[in-house]
Amino acid sequence: MSPAREDAVEPAGEEPVIDAAVIEDSWRRLAGITPARIALGRAGTGLPTREVLRFALAHAQARDAVHLPFDSARMAAEIAALGFETLEVTSAAPARDAYLRRPDLGRRLSEDSRALLAARAGAAVDLALVVADGLSSTAIHAQAVPFLTAFKARIAEAGWSVGPICIASQARVALGDEVGERLKASACVVMIGERPGLSSPDSLGLYLTFAPRAGRSDAERNCISNVRGEGLSHEHAAFKLAWLLKEALARQITGVTLKDESDLLLVGGRPPPVRIG
Amino acid sequence: MAYRTVAGSHVYAFADLKDLMAKATPLRSGDMLAGIAAATAEENVAARMCLADVPLTTFLNEALVPYEEDEVTRLIIDTHDAAAFRPISHMTVGAFRDFLLSNGATSEALAALAPAITPEMAAAVSKLMRNQDLIAVAKKCRVVTRFRNTIGLPGTMAVRLQPNHPTDDPAGVTASILDGLLYGCGDAVIGINPASDSVPVLSELLKLIDGIIQRFDIPTQACVLTHVTTSTEVINRGVPVDLVFQSVAGTQKANASFGIDLATLKEGREAALSLKRGTLGDNVMYFETGQGSALSANAHYGVDQQTLEARAYAVCRPYKPLLVNTVVGFIGPEYLYDGKQIIRAGLEDHFCGKLMGVPLGCDVCYTNHAEADQDDMDTLMTLLGAAGVTYIMGIPGSDDVMLNYQSTSFHDQLYLREVLGLKRAPEFEAWLQRMGITDPGGRLKTQRGSHPLLAAAPELAA
Chain Z
18 MSPAREDAVE PAGEEPVIDA AVIEDSWRRL AGITPARIAL GRAGTGLPTR EVLRFALAHA
78 QARDAVHLPF DSARMAAEIA ALGFETLEVT SAAPARDAYL RRPDLGRRLS EDSRALLAAR
138 AGAAVDLALV VADGLSSTAI HAQAVPFLTA FKARIAEAGW SVGPICIASQ ARVALGDEVG
198 ERLKASACVV MIGERPGLSS PDSLGLYLTF APRAGRSDAE RNCISNVRGE GLSHEHAAFK
258 LAWLLKEALA RQITGVTLKD ESDLLLVGGR PPPVRIG
Chain X
117 MAYRTVAGSH VYAFADLKDL MAKATPLRSG DMLAGIAAAT AEENVAARMC LADVPLTTFL
177 NEALVPYEED EVTRLIIDTH DAAAFRPISH MTVGAFRDFL LSNGATSEAL AALAPAITPE
237 MAAAVSKLMR NQDLIAVAKK CRVVTRFRNT IGLPGTMAVR LQPNHPTDDP AGVTASILDG
297 LLYGCGDAVI GINPASDSVP VLSELLKLID GIIQRFDIPT QACVLTHVTT STEVINRGVP
357 VDLVFQSVAG TQKANASFGI DLATLKEGRE AALSLKRGTL GDNVMYFETG QGSALSANAH
417 YGVDQQTLEA RAYAVCRPYK PLLVNTVVGF IGPEYLYDGK QIIRAGLEDH FCGKLMGVPL
477 GCDVCYTNHA EADQDDMDTL MTLLGAAGVT YIMGIPGSDD VMLNYQSTSF HDQLYLREVL
537 GLKRAPEFEA WLQRMGITDP GGRLKTQRGS HPLLAAAPEL AA
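As given, the protein sequences belong to chains Z and X, one line each in that order. Letter by letter, the first sequence follows residues 18 to 294 of this note's numbering. Letter by letter, the second sequence follows residues 117 to 578 of this note's numbering.
Everything labelled a hint here was simulated from the structure, so no lab data went into it. Please note: incorrect hints may appear among the correct ones.
So the derived label-pair ranges between C-beta atoms look like this [to be verified]: (1) His-84/Z - Thr-495/X: 36 to 44 Å; (2) Ile-270/Z - Gly-537/X: 38 to 46 Å; (3) His-126/X - Gln-269/Z: 25 to 33 Å; (4) Pro-171/X - Glu-247/Z: 38 to 46 Å; (5) Thr-495/X - Gly-246/Z: 46 to 54 Å; (6) Arg-230/Z - Ala-199/X: 54 to 62 Å; (7) Ala-311/X - Ala-98/Z: 32 to 40 Å; (8) Glu-184/X - Arg-230/Z: 28 to 36 Å.
All of these numbers come straight from a predicted model, not from anything done at the bench. Yeah, the Cβ is synthetic: ideal placement off N, Cα and C, and Gly gets one too.
Whenever a hint applies, use it, and build me the whole structure from the sequences.
What follows is the structure, given as structure tokens:
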């Protein structure tokens with residue numbers, strides 16, 4: 018036992034115990050109408066202990082989403098189980114640190130992956146699909162399979178031909194340009210883990226690019242973001258993406274001039290059911 | 117012109133002034149990404165030794181971004197105050213650092229020098245300074261601005277109340293505004309980053325904030341941070357606009373990527389001035405900047421990101437802004453990798469802005485893919501508080517639920533006031549006391565029951 022602990026068992030004096038020091042905010046009820054962290058209360062000028070820990074947990078989850086290793090083998094197996102052909106590819110970024118410092122490396126394929134795609138490329142297809150870790154492997158692990166399950170039905174409905182789904186590690190959005198070009202695809206969809214927010218570490222982004230080729234700018238893409246349980250549902254995202262893809266293939270364009278008007282077709286706020294046959 | 121110096125057993129050569137400036141910059145990921153950083157630690161110091169001997173006049177004669185191609189360079193050179201420059205015109209960059217630290221560089225002397233200092237001079241001398249130098253000199257600079265209150269007085273620090281909401285929901289925005297006011301925030305501006313860019317939505321947000329300011333007679337100003345041309349359009353539709361906002365960068369090409377040029381900024385300012393809404397002054401502009409924006413737009417001309425950031429303050433300067441802030445950690449780790457780089461950049465930006473006479477605040481912030489956390493932000497905000505930062509952000513619980521990054525909170529500014537004795541803008545401080553939010557010492561009073569401000573949210577007051 019340390020000396021300090023021995024001191025602690027000295028007989029108590031006359032002082033009463035100190036009341037809880039947290040000052041709660043009298044407007045606490047306002048917290049129910051916004052996701053913002055309001056009416057947290059305070060301990061002196063600081064946050065109460067419970068809020069310091071709640072924040073720390075959210076930050077830890079967001080950090081883990083960035084740094085947890087991407088399980089591309091597991092993703093490939095799960096996506097193959099949906100009936101898709103898969104290929105595992107890597108960007109030119111050798112590791113996470115290089116990926117974060119050098120966005121340019123994450124936009125290019127590694128030499129090995131270029132060879133792999135060269136060996137596989139066959140006839141031209143309507144669509145190349147890339148499942149990319151991006152900045153949140155947590156998001157991809159959680160969202161890729163349920164999204165692809167929903168989107169597979171839309172692919173069948175439209176009758177699009179699809180190349181192998183590329184499971185891409187240390188990848189940025191523009192990696193899809195090179196993949197799509199090498200697979201002779203008319204359009205490419207990159208499903209990618211978005212930069213994690215404190216309240217949304219598991220959000221999936223979808224990027225659609227018509228006529229993918231290296232050097233495309235972000236202004237030439239359409240984006241659907243915040244695909245996750247608390248955001249845009251997998252079914253709704255699949256419907257939106259299919260709508261954009263149909264327009265893109267018909268009008269031969271993606272980007273700022275292609276506006277998403279799929280909401281006009283919603284029925285009671287929900288996407289219409291898939292029709293096959 | 118090439119530069120050479122000997123350090124240790126090596127002779128180091130630098131192709132030109134911008135190469136020398138880049139190599140002399142404390143290491144950061146953005147300059148590495150651009151391929152312009154020093155290759156070794158020794159080369160970095162050799163460049164600083166060489167830069168220390170460069171006369172200040174060199175920066176008037178050797179443009180880092182070509183004069184013919186770039187209106188920002190033309191602005192810097194054409195508006196340089198030669199008379200104000202005369203007292204320091206004989207100095208090298210190294211001698212300039214010594215002067216800035218000396219007792220001779222009083223607040224009055226520095227204010228008189230501000231129009232003589234080009235961004236390249238400010239950036240160059242900052243590269244020779246340690247963090248404590250950046251703090252000590254910035255602390256002496258005085259930049260005071262006014263709209264409905266007085267910002268930048270010695271011993272004060274203001275706060276932007278940032279009530280962002282993922283869908284611009286009026287009730288949600290109102291809740292964050294009330295929370296911030298009840299925590300004593302909002303003297304710099306009540307300024308929202310809208311999720312939408314639709315004119316009707318922006319107009320409703322402006323009316324909402326203005327309604328709260330008018331109803332409770334709050335000595336502060338409102339801003340919706342949207343493109344300057346959108347603000348001009350909103351003004352033309354008769355919507356109440358206090359401050360016009362714009363993100364700016366340090367080259368014409370980078371500004372073009374934001375969809376602006378100097379003429380656009382002038383038009384925006386004139387539109388805001390035409391409304392005559394300021395009661396104490398006519399500083400009607402709010403600008404945001406951040407290291408790395410020019411590289412991100414592929415518009416950096418091989419110039420280091422810190423020098424380009426200082427050039428962004430030269431863009432702000434002619435438009436007499438109420439507020440300018442460097443959003444220092446928002447851009448991501450490819451530009452500022454970790455807490456150390458973010459802290460250094462925040463102090464550099466604040467120093468350069470203040471030296472140039474610009475009312476610089478700082479969005480002390482980070483994203484979740486940067487190697488940084490709340491402890492780093494505590495360090496930077498404390499250092500900036502010591503340096504006399506004009507204002508910081510106030511965001512509920514540090515968590516911006518619209519922009520998905522972490523900045524300083526309503527609680528953080530209370531902490532800084534407590535440990536550094538910093539007051540608010542005096543008019544706002546007096547208002548808080550009148551409203552029973554703070555005591556005469558500026559500390560928060562404990563609120564019991566329903567505060568009158570909560571009447572602004574009647575649907576919530578059940």
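> Any of the earlier hints contradicted here, and which numbers?
Replying inline: The structure breaks hints 1, 2, 3, 4 and 5; every other hint is satisfied.
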